[in-house]
Amino acid sequence: MRDVTVIEPAKGWLLPNLREVWQYRHVLLNFVNRNFRIAYRQTIGGPIYAVYNPFMTMVGYTLMLDGLFDAGQDISIPYPLFAFSALIIWTLFTNVVQNASMSLQRNSQLIQKIYIPRLIFPLVEAAMELVNFAIASVLLFGMMLAYGYFPSANILMLPVYLLLAVGTGLGIALIFAGFQARFRDANYVVQLITRFLFFVTPVVWVSSRLPAPFDTLYAYNPMAVVVEGFRWSLLGLGEAPSAFFTAFAFGVMVVLLLVGGLVFRRLETTIADVV
Amino acid sequence: MKPENAIEVEDLTKVFYVAATAAKHTRGQQLVRNLTSPLRRLRSTLLGQSAFGAEVPLTVLDRVSFEVKKGQIIGVIGSNGSGKSTLLKILSRITLPTSGVARVRGKVGSLLEVGTGFHPDLTGRENMYMNGAVLGMTKHDINRRFDEIMAFSGVGDFIDTPVKRYSSGMRVRLAFAVSAFFEPEVLLVDEVLSVGDAEFQKRGLGKMAQVSREGRTVVMVSHKLSTILTHCDSVLWINKGKVMEFGDPNQVVSSYLMESSMDSTLSEGEKTFGNTPAGSEYPFKLVAMRTLDADGNVRSSFLSSSPVVVEMEVEMPEPIPFIQIGFELKTSEENIIFRTYHNDLHETLDYQPDTQTYRLRGVIPANFLNKGSFYIDPVVAVHRRGWVVQNVRGLTIHIVLDTPNRDYAIKQRMGVLAPMLEWRAENEPITKA
Chain A
1 MRDVTVIEPA KGWLLPNLRE VWQYRHVLLN FVNRNFRIAY RQTIGGPIYA VYNPFMTMVG
61 YTLMLDGLFD AGQDISIPYP LFAFSALIIW TLFTNVVQNA SMSLQRNSQL IQKIYIPRLI
121 FPLVEAAMEL VNFAIASVLL FGMMLAYGYF PSANILMLPV YLLLAVGTGL GIALIFAGFQ
181 ARFRDANYVV QLITRFLFFV TPVVWVSSRL PAPFDTLYAY NPMAVVVEGF RWSLLGLGEA
241 PSAFFTAFAF GVMVVLLLVG GLVFRRLETT IADVV
Chain B
1 MKPENAIEVE DLTKVFYVAA TAAKHTRGQQ LVRNLTSPLR RLRSTLLGQS AFGAEVPLTV
61 LDRVSFEVKK GQIIGVIGSN GSGKSTLLKI LSRITLPTSG VARVRGKVGS LLEVGTGFHP
121 DLTGRENMYM NGAVLGMTKH DINRRFDEIM AFSGVGDFID TPVKRYSSGM RVRLAFAVSA
181 FFEPEVLLVD EVLSVGDAEF QKRGLGKMAQ VSREGRTVVM VSHKLSTILT HCDSVLWINK
241 GKVMEFGDPN QVVSSYLMES SMDSTLSEGE KTFGNTPAGS EYPFKLVAMR TLDADGNVRS
301 SFLSSSPVVV EMEVEMPEPI PFIQIGFELK TSEENIIFRT YHNDLHETLD YQPDTQTYRL
361 RGVIPANFLN KGSFYIDPVV AVHRRGWVVQ NVRGLTIHIV LDTPNRDYAI KQRMGVLAPM
421 LEWRAENEPI TKA
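In order, the protein sequence lines correspond to chains A and B. So the first sequence is residues 1 to 275, counted in this note's numbering. So the second sequence is residues 1 to 433, counted in this note's numbering.
Hints are computed from structural coordinates only; laboratory data are not their basis. Treat the hints with caution; some may be incorrect.
In the DSBU-like style, the derived pairs of lysine-lysine whose C-alpha atoms are separated by at most 35 Å in a straight line are [to be verified]:
{"hint": "1", "chain 1": "B", "residue 1": "K271", "chain 2": "B", "residue 2": "K224"}
{"hint": "2", "chain 1": "A", "residue 1": "K11", "chain 2": "B", "residue 2": "K69"}
{"hint": "3", "chain 1": "A", "residue 1": "K11", "chain 2": "B", "residue 2": "K164"}
{"hint": "4", "chain 1": "A", "residue 1": "K11", "chain 2": "B", "residue 2": "K242"}
{"hint": "5", "chain 1": "B", "residue 1": "K242", "chain 2": "B", "residue 2": "K107"}
Predicted model only: the values in this text are computed from it and were never measured.
Work out the full structure, taking the sequences as your base and the hints as a guide.
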């Protein structure tokens, strides 16, 4: 019978039930809505804080790398635009990883008192970051106009890179979210991973300066595809990442999401007992 | 699953792993254990055990089986730690069983806490939608009932004020109001009605009764036996994770009371009064009140078939002429059933210069009270002169209807009292009892 819920012990390794998540979509929207209201309540600046972090990072790197070391000499666009465009999509990725992997622990109160598909919690974080990204994009557009750049037809490819950024971030986060609920030190591992990825991804540095063999090796990093693809689609900088590396990045994303889904489902079954 | 059932539970078992007391290891062994413990933790986590390394299993639910028909209200009773809440958590899918299976028909809603998802910075209105959403209501559901929810909560103009500025009473009322209009087919409720004032509890319980009349099923955990008795169709008694009894409320509650009467931890049945009456012209102090069973054990729950002994401990340094010490028995609606004094039949107070304290006992006879809760409030007066103690809240007792001499149990009887009277056939001579 369709309307009967069967409650049984967890068996083996399964993927999260996406149909159930879909049934709870209004809860997801409510959470996103609520978190935004909370985040900017009793602040003066409001949504400015969504762009504050990438913007200040951009200012810092512009002063340091461009000002001191002349990092911008090899690129055809102004360095602030070069850095800020990459920083906002990087921030999207890294915040998804960070916040989604913390989401079960943060919502432990709720998890122990009510049943909602647990996957909702990381998804809420991802959705929130997408909204933050949209706010930051407005600033980026402003900067582009100020520097006299207009997007070309390349912008049609932009959703591909967005999907890659969010999907890869979510995949990593799903692997760690369950562990984080049990062991608070999982977060240090997550931080280590994002820190490491930041340095191997051409966010603030220019990939054309890499010596062989690193000039091809670096592109196996899916985030390199995301960042360079994003810059290309929006600012027309350089060339689009090759089909091979794009496909490879998608492969990595799918594997991460599958592994993340399996681990998440596995750990969520006992989550209410241990958070 | 049988078509008439809303819930079927079969051999449900839940085992938690709790940290064991450290086993004895030599220093070398301990060092190796400490170094490898991250690996063991990781392994036990992936194997689906709960938290840390050395653990012992604790069986919280032990092969629990029962069935609930559609439209019934089921009460779950048992002492603390018996597994009641774990059962509700499994039925609401918050946690999974270790073995066994439970089947629930229809949309399940659980109220394990009042105001789940409430956030202090959000306004009453915003929290209403959020709380509704986590319970499973859509925005449309809430909009449809908005006026009713508002009226039920009595929050009024504060609806657009952040909840952190609410009084705790208002917060509870708003939270409960949302839940009250939540209409799942199976509702699981854990002790949430114990918050809020008496008036609000009554409305909440009324709401639940209505829910079941509409054909929905309710499973409620409560420590208030009177609530269970008035509202439930069946009662499930769990002790240490095992089902002790399941069935007729009066039957199960009386077995539960019999069992727990041996367990003195349940005894409330006593109240000490600090300085009562304060500033009286008479040398009189009410020290304490107690309710005792026939064996002299202090308790607050009684079977209707046993007497309730009311003990009043008073301090009187010198005799007070014409003093009357007694109590009033009231219904839970504060109607006085009777008032009685220590000298109703004859003087029971002999002045004792040495101790100056007295324990007076009045007995409410067996087979007299009906089921429910009653107040026993102290009253002390000096005849024709005035009150010494009045309007003081004394004790609350709970009575479970029990008719042991009958072949069939009486479930309930109209009225405040349920006396078993002496009945005689017309031609039988009336003898003195």
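Against the structure, the hints come out as follows:
no., hint, verdict
1, K271/B - K224/B, "holds, 19 Å"
2, K11/A - K69/B, "holds, 29 Å"
3, K11/A - K164/B, "violated, 43 Å"
4, K11/A - K242/B, "holds, 25 Å"
5, K242/B - K107/B, "holds, 27 Å"
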